[in-house]
Amino acid sequence: AQKITQTQPGMFVQEKEAVTLDCTYDTSDQSYGLFWYKQPSSGEMIFLIYQGSYDEQNATEGRYSLNFQKARKSANLVISASQLGDSAMYFCAMRGIIQGAQKLVFGQGTRLTINP
Amino acid sequence: DTGVSQNPRHKITKRGQNVTFRCDPISEHNRLYWYRQTLGQGPEFLTYFQNEAQLEKSRLLSDRFSAERPKGSFSTLEIQRTEQGDSAMYLCASTLLGTRGSLANYGYTFGSGTRLTVV
Chain A
992 AQKITQTQPG MFVQEKEAVT LDCTYDTSDQ SYGLFWYKQP SSGEMIFLIY
1042 QGSYDEQNAT EGRYSLNFQK ARKSANLVIS ASQLGDSAMY FCAMRGIIQG
1092 AQKLVFGQGT RLTINP
Chain W
386 DTGVSQNPRH KITKRGQNVT FRCDPISEHN RLYWYRQTLG QGPEFLTYFQ
436 NEAQLEKSRL LSDRFSAERP KGSFSTLEIQ RTEQGDSAMY LCASTLLGTR
486 GSLANYGYTF GSGTRLTVV
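Respectively, the protein sequence lines represent chains A and W.
So in this note's numbering, spot 92 of the first sequence is number 1083, and the numbers just go up one at a time.
So in this note's numbering, spot 71 of the second sequence is number 456, and the numbers just go up one at a time.
The hints are simulated quantities; they were obtained by calculation from the structure and are not laboratory data.
Just so you know, not all the hints are guaranteed correct.
[Unchecked claim] The calculated lysine to any residue pairs, modelled on SDA-like cross-linking and capped at a C-alpha distance of 25 Å, are: (1) K442(W) / T1018(A); (2) K442(W) / D1017(A); (3) K1064(A) / Q426(W); (4) K442(W) / E1052(A); (5) K1007(A) / K1064(A); (6) K442(W) / S1019(A); (7) K994(A) / E463(W); (8) K994(A) / G492(W); (9) K994(A) / P393(W).
Please read all numbers here as calculations on a predicted model, not as lab measurements.
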């Protein structure tokens, strides 16, 4: 079974500072993918970044980067130069890369608040 | 095609009534997923379709829940005899499974969800 753990229920950060959102995972799959999604108060889940388990380099997408430490089973999201619009819920999720459902398993989320 | 569309956005119903939600995925996506998200939690998998075939159902999906995807296009999720515990956000997502079994597109595109309140 796959499990995602996000231990920070809430984070408060000053605008323009960098912030790291923690995510640890557990899986017996050899191949898997890790995702981060942003969920504003409007409800939609917005895809931010993806890391494959065999990717040798950490994924980056603009201000988002994923600090992937496979041995520690962690996939932390780093947001550089935070903006007020970054205030939202953030979810870490994983998916096994095998035939089958390939469904996403989500963590409980971290509520990020950016203060001006 | 502007993304995954879900209707209605909000639904308030009395306990015991039936409700139906609709999801229109991205047209070329062959996989469609339903998730349920309760307050303060991450989304939980309910069921998924590949084209018109429903291939897996979670144990969360009691016999009061039924989902269909006729002709592999839009999907409906029906809840019969609603209970207060059914109050949640119901999210739909779609993606494209490549011909060799791996995901051609890593991303799952989610709709904005249907928020159900059972009173």
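query: Any of the earlier hints contradicted here, and which numbers?
result: Of the numbered hints given earlier, those the structure breaks are 4, 5, 7, 9, listed in rising order.
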